[in-house]
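With these hints in hand, go ahead and build the complete structure from the sequences.
So the protein sequences, as listed, match chains A and B. Mapping to the numbering used here: the first sequence position 124 is 124, numbers consecutive. Mapping to the numbering used here: the second sequence position 8 is 8, numbers consecutive.
Errors might be hidden in some of the hints.
In silico contact screen, one side only, chain B against chain A (beta carbon under 10 Å); selected entries [to be verified]: (1) M1; (2) I5; (3) I15; (4) L29; (5) L32; (6) L34; (7) G35; (8) A36; (9) G37; (10) P39; (11) E40; (12) V42; (13) T44.
FRET-style restraints, in silico, Cβ to Cβ [to be verified]: (14) B/H7 - A/G96: 52 to 60 Å; (15) A/R22 - B/T18: 36 to 44 Å; (16) B/T18 - A/G112: 17 to 25 Å; (17) B/A23 - A/C35: 37 to 45 Å.
These are computed hints drawn from the structure, not numbers from a lab. Cβ coordinates follow ideal geometry from the N, Cα and C atoms, glycine included.
Here is how the chains run, residue by residue.
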Amino acid sequence: MWLVTLGFLPQLIAFYLPYTRRLLSDELASLSLVCSQLMLLIFTFANLRLPGMPILLLGLVCNLGVILANGGFMPLTVDAAARLVDQTALNNLAVGERVSNASKDILLPETGILLPWLADRFVSPPFLSYRFAFSLGDVLVAAGTFWLLLIGQLRTIQSTESGDT
Amino acid sequence: MKKTINHFTLSFAKINNTHLQVALMLLTLVMLVLGAGAPEDVGTIGR
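In structure tokens form, the structure reads like this:
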């Protein structure tokens, strides 16, 4: 628990808290993201025996790999951004720069991305009111978490039933 | 008012170790998922 809290803290400061994220430069925010993900990687590795953790670890490695390969931020393809926001909003974004100070993403053209298949290139379907771009690593993280919760729940049910009999 | 306070006291008394462990586990998982994943919310673009 403490390792996850310690690991999440740099991201909380750099991306989630409005007051602190304004104070950090892009370099510090990037450093926070990489350090945070490294600590979460250690936590995931230490808990590898839990169901779903190997999938979650793979997702984390994918995300961290593409982040490290592209200068410390998650690359967001211009194509994915164009599918998320209108042209006016897109025109206000600069290619090669962070999408906003609340974001872990940097806007890059497909050709300028290293490991492009691991970037934020997929977009949630238009019929969903909550729109977001996500990566293959995010899918693996979600799948690992789902598996962890599902197996955990099944084990609880099994132990309850065996306790009843 | 006294009834409401009693109700809350009773509710908190029902919280045991297992509840706390589940809550902490969920909190850990939320932090892990938020930290490990990097989906880009449309609301943060250009903000």
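Hints versus structure:
no. : hint                       : result
1   : M1                         : 36 Å, violated
2   : I5                         : 32 Å, violated
3   : I15                        : 18 Å, violated
4   : L29                        : 6 Å, holds
5   : L32                        : 5 Å, holds
6   : L34                        : 7 Å, holds
7   : G35                        : 5 Å, holds
8   : A36                        : 5 Å, holds
9   : G37                        : 5 Å, holds
10  : P39                        : 4 Å, holds
11  : E40                        : 4 Å, holds
12  : V42                        : 4 Å, holds
13  : T44                        : 5 Å, holds
14  : B/H7 - A/G96: 52 to 60 Å   : 58 Å, holds
15  : A/R22 - B/T18: 36 to 44 Å  : 41 Å, holds
16  : B/T18 - A/G112: 17 to 25 Å : 51 Å, violated
17  : B/A23 - A/C35: 37 to 45 Å  : 27 Å, violated
When each numbered hint is compared with the structure, violations occur for hints 1, 2, 3, 16, 17.
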